[in-house]
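K.L.:
Residue-level listing of the chains:
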Amino acid sequence: MTEELASISLVGVYSATAVYTIAFIAFTLDLAKRTAERSATVANPYVSASASASVGGGTAVLERTGTTVDAPAGRSKWVRIAMSLTVLGWLLHIAATVLRGIAAERVPWANMFEFSLTATAIIVGVFLGVQFWQDLRYLGAYLLGFVVLALGIATVNFYVDVAPLVPALQSAWLVIHVFVAALATGFLALGAGLSVMQILQARREASGKGARFLGTLPDAHRLEMLAYRLIVVGFVFWTFTLIAGAIWAERAWGRYWGWDTKEVWTFIIWTLFAGYIHARATRGWRGTRSSWLAIIGFAAIVFNFTVVNLFFKGLHAYSGL
Amino acid sequence: MASFRPSDHVDAERDADLDERRAAPNQPKLDFVGYLRFAWRQLTSMRTALLLLLLLAFAAVPGSLVPQRSADPNGVVQYERDNPQLFPILDALQVFDTYTSVWFSAIYLLLFVSLIGCVLPRTKHHWQALRSRPPKTPARFERLPASTTVDAGDTDAAKAIEEARSLLKGQRYRVEQYGDSVSAERGYLRETGNLVFHTALVGILIAVGIGGGFGYSGQKIVVEGRSFTNVLGNYDSFNPGRFFAETALDPYTLTLDDFSVAYEEENLDAYGQPIDFDASVTARTRDGGEQQSSIKVNEPLRIGGTDVFLLGNGYAPVITVRDGAGDVAFSQPVPFLPQDSQLTSVGVVKIPDGLDEQLGMRGFLYPTAIELESGALASSHPEDRAPTMTLEVYTGDLKLDDGQATSVYALDITDMVQIAGRNAPAETLVLTPGDTIELPDGLGSVSFDSLPRYISIDVHRDPSQLWVLLFALLMVAGLLTSLFVPRRRMWVKAVQTDAGVRLEYGGLARGEDPNLETAVQELAREHSQRLGLKVDR
Ligand code: HEM
Numbered sequence: 020m021t022e023e024l025a026s027i028s029l030v031g032v033y034s035a036t037a038v039y040t041i042a043f044i045a046f047t048l049d050l051a052k053r054t055a056e057r058s059a060t061v062a063n064p065y066v067s068a069s070a071s072a073s074v075g076g077g078t079a080v081l082e083r084t085g086t087t088v089d090a091p092a093g094r095s096k097w098v099r100i101a102m103s104l105t106v107l108g109w110l111l112h113i114a115a116t117v118l119r120g121i122a123a124e125r126v127p128w129a130n131m132f133e134f135s136l137t138a139t140a141i142i143v144g145v146f147l148g149v150q151f152w153q154d155l156r157y158l159g160a161y162l163l164g165f166v167v168l169a170l171g172i173a174t175v176n177f178y179v180d181v182a183p184l185v186p187a188l189q190s191a192w193l194v195i196h197v198f199v200a201a202l203a204t205g206f207l208a209l210g211a212g213l214s215v216m217q218i219l220q221a222r223r224e225a226s227g228k229g230a231r232f233l234g235t236l237p238d239a240h241r242l243e244m245l246a247y248r249l250i251v252v253g254f255v256f257w258t259f260t261l262i263a264g265a266i267w268a269e270r271a272w273g274r275y276w277g278w279d280t281k282e283v284w285t286f287i288i289w290t291l292f293a294g295y296i297h298a299r300a301t302r303g304w305r306g307t308r309s310s311w312l313a314i315i316g317f318a319a320i321v322f323n324f325t326v327v328n329l330f331f332k333g334l335h336a337y338s339g340l
Numbered sequence: 238m239a240s241f242r243p244s245d246h247v248d249a250e251r252d253a254d255l256d257e258r259r260a261a262p263n264q265p266k267l268d269f270v271g272y273l274r275f276a277w278r279q280l281t282s283m284r285t286a287l288l289l290l291l292l293l294a295f296a297a298v299p300g301s302l303v304p305q306r307s308a309d310p311n312g313v314v315q316y317e318r319d320n321p322q323l324f325p326i327l328d329a330l331q332v333f334d335t336y337t338s339v340w341f342s343a344i345y346l347l348l349f350v351s352l353i354g355c356v357l358p359r360t361k362h363h364w365q366a367l368r369s370r371p372p373k374t375p376a377r378f379e380r381l382p383a384s385t386t387v388d389a390g391d392t393d394a395a396k397a398i399e400e401a402r403s404l405l406k407g408q409r410y411r412v413e414q415y416g417d418s419v420s421a422e423r424g425y426l427r428e429t430g431n432l433v434f435h436t437a438l439v440g441i442l443i444a445v446g447i448g449g450g451f452g453y454s455g456q457k458i459v460v461e462g463r464s465f466t467n468v469l470g471n472y473d474s475f476n477p478g479r480f481f482a483e484t485a486l487d488p489y490t491l492t493l494d495d496f497s498v499a500y501e502e503e504n505l506d507a508y509g510q511p512i513d514f515d516a517s518v519t520a521r522t523r524d525g526g527e528q529q530s531s532i533k534v535n536e537p538l539r540i541g542g543t544d545v546f547l548l549g550n551g552y553a554p555v556i557t558v559r560d561g562a563g564d565v566a567f568s569q570p571v572p573f574l575p576q577d578s579q580l581t582s583v584g585v586v587k588i589p590d591g592l593d594e595q596l597g598m599r600g601f602l603y604p605t606a607i608e609l610e611s612g613a614l615a616s617s618h619p620e621d622r623a624p625t626m627t628l629e630v631y632t633g634d635l636k637l638d639d640g641q642a643t644s645v646y647a648l649d650i651t652d653m654v655q656i657a658g659r660n661a662p663a664e665t666l667v668l669t670p671g672d673t674i675e676l677p678d679g680l681g682s683v684s685f686d687s688l689p690r691y692i693s694i695d696v697h698r699d700p701s702q703l704w705v706l707l708f709a710l711l712m713v714a715g716l717l718t719s720l721f722v723p724r725r726r727m728w729v730k731a732v733q734t735d736a737g738v739r740l741e742y743g744g745l746a747r748g749e750d751p752n753l754e755t756a757v758q759e760l761a762r763e764h765s766q767r768l769g770l771k772v773d774r
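Protein sequences appear in the order of chains A and B. Position 213 of the first sequence, counting from 1, maps to 232 under the working numbering, and the rest follow consecutively. Position 6 of the second sequence, counting from 1, maps to 243 under the working numbering, and the rest follow consecutively.
Hints listed in this document are in silico derivations from the structure and should not be mistaken for laboratory results. Positions of the beta carbon are idealized from the N, C-alpha and C atoms, including for glycine. The reader is advised that the hints may include incorrect statements.
Now the stretches of chain B that chain A is said to cover, found in silico as 3 or more residues with beta-carbon under 8 Å [to be verified]: (1) 279–290; (2) 298–308; (3) 505–515; (4) 523–537; (5) 699–708.
This is chain A alone, in the form it adopts within the complex (with noise of 0.2 Å):
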């Protein structure tokens, strides 16, 4: 019976993967279809309603900001199709998960695999999530891109059968501490992604010169706030991963804190996202700049899943390999 699901769930990833890599190159192509022309009709709407609104003085201009922001780049067929891809791949990743708990009674999240599993459902799900509050399909390509080659390398690499939980990692900490680390890398994978177009667009308005594309997203000062504030959301949640893999540390090994090579990375990363906080609110230090921590935040994030499971010694030996 276990074994009977676990390949069904298997199949349910490889189906999933397969679904992304199209909707991956829908958003390519999407991207690259995309022309410099549309860029005229989203001229930065965070300063221009404030001007028109001010400037124009006369009668009450009270339109409502804010909404139609970004609109015109969503017209595109292709992004209409990668979108529809994504959460049809998702679906079938969140039933792979599932089954995958299932078949081994428990929370889907105990080794590696598993945990790449989970996590990359959670991305995806943040990403779609984020779009009911912001358009951000722009950065479909880099997201689905990093999730397909992140699903690609955790079933080839890292597929181990179902077995149950070790002691050590029977508790309900493991539940909330690994989930909450999820959320907040999706959350820091699309800051990141932001940040990447930010530096892009940075780039490009000083230069005039860049990728057609970058035409018609948003300027570089509100892909930086975009940024920021999904940043800062992914922050709050990797605080709490730090705080709730104490407490579990404490339960299962007699300290909340012992500077393991697991926990040592957690703090470098919660730091380097605590000096792009800071980097935001210092002069001299906001644009580009701040985008580069942002990324190099994220980068240890994947270091430490990758790297840091792998090869470096300590007690957080889950990846089951």
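Knowing the structure of chain A, use the given hints to seat chain B with the ligand on it.
P.N.:
Quick look at chain B with the ligand alone, frame taken from chain A:
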């Protein structure tokens, strides 16, 4: 909003009250006090805080690359063996004690000095701001980041201002009227949260640094059926905090009644993997109270101000050695150290007295013994389904008398001769529970009586723990308010023009406030509605 920010904070330029301070470093005469003040201002600047934060992140890296003495002392020994050239250099740089090293400590101490230097004046200013009136209305709104105007025709200016006042009050602004204008401010909580956050960080540091010094931790192996009393001499190893006093130990007694392990039986991919450890203990406290409980991984026993954790387990075969006349020279459980997931374990027996010669034995234990094709033994399951123990026997000098501390798990055979084993005329002793085997040369006999389990427990006392948790929670609370409460000023002004009254609205945000623009527009809209003005949409 007189909030004292470091002068290189992005909002600082809007703080009129800071202009003076920023000019200060340029003053030509820099005497000693001037230099000190300058240095202090540098240390408490945003740029320094940022630099130190990034430095701290960077400095934490080496500790994850090489084993740390605190977490993995054996790893350090191994590292020295593997990298004999590199080791002394790294050791001199304190890389094996990264988190207590001089350089790491210097960075975080500087950071916290900077933090305190930053937070104290801000707290003072914030306290004052909380009790002062919202600032005067600026003359021109166009320079504000968000502003709009509405033509109100023949609306009464005083009534419009009164209406704006009540509207803003309803939105939980603090309001103040200046002539034909209202000045409003909200979001003091943002700064409060920020200060709570940073202060809680200091709290954590103090709790860890000082509170942690009063604690201790100790390790002990307890065999089934045996007891452990919480007094200093009973520990196998003990790590006291800096301010530890022996009186901190509460002498309770724990008896390990039973230790059971559940193994995975059905899933063949994980066959034999332990899925539950359960140590049943009887705890007796000093006042005579007696209580049955169980200790599991993730479920420590809280007793006598300490937490007792289940860290490891293994087998402790009861071995009895008799001399040639049949008198008992040695009889006790000997904890064997597990070597693999099937609990193949190794152990050492040392018998300095009671026999004609000093006797040492090195043993292997196979809980479920199977014979490999090579003839060697191995264990196929961690449970004691077919236990077998092998012993190699040595006689000679155990080197216990020269006062040097020796590990109970290591046998120094430099001055010993093997009398049974691979390199001896007599074969390795092979025993199953209940067996007795004669030693060569009429030395005596060895019996394998029974096979109880043992657990290794970790006893902790950390009085700082609750404080750390409390500050951590304060930190999160502060973080949430400081990041998500918008902090803004709003002004509404009624200006009399030839064409009637013109209402002006202006907003200014402190920190990140992406909704400022919308908020100003909304204010103008709602105000107009209240005044019964027709609004173009
Ligand atoms: C242990 C070191 C520090 C850490 C981990 C840290 C962390 C943070 C975090 C997470 C925030 C954003 C949340 C909030 O506003 O409460 C923040 C904001 C802030 N921190 Fe720190 N901080 C540290 C030291 C300092 C120091 C030394 C200063 C003074 C120079 C400082 C000044 C500020 C200021 C002014 C803000 C507000 C930023 C804004 O306006 O957006 N911090 N800090």
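K.L.:
With a Cβ-Cβ cutoff of 8 Å, does the region 505–515 of chain B contain at least three residues near chain A?
P.N.:
holds (count 7)
K.L.:
Is the coverage entry for the region 298–308 of chain B by chain A consistent with the three-residue Cβ rule at 8 Å?
P.N.:
With 8 residues closer than 8 Å to chain A, the region 298–308 of chain B meets the three-residue bar; holds.
K.L.:
Is the listed coverage of the region 279–290 of chain B by chain A valid when you require three or more residues with a beta carbon under 8 Å from a beta carbon of that chain?
P.N.:
holds (count 5)
K.L.:
Taking beta carbons only, do three or more residues of the region 523–537 of chain B come closer than 8 Å to chain A?
P.N.:
holds (count 5)
K.L.:
Are 3 or more residues of the region 699–708 of chain B near chain A, judged by a Cβ distance of less than 8 Å?
P.N.:
holds (count 4)
The structure shown violates none of the earlier numbered hints.
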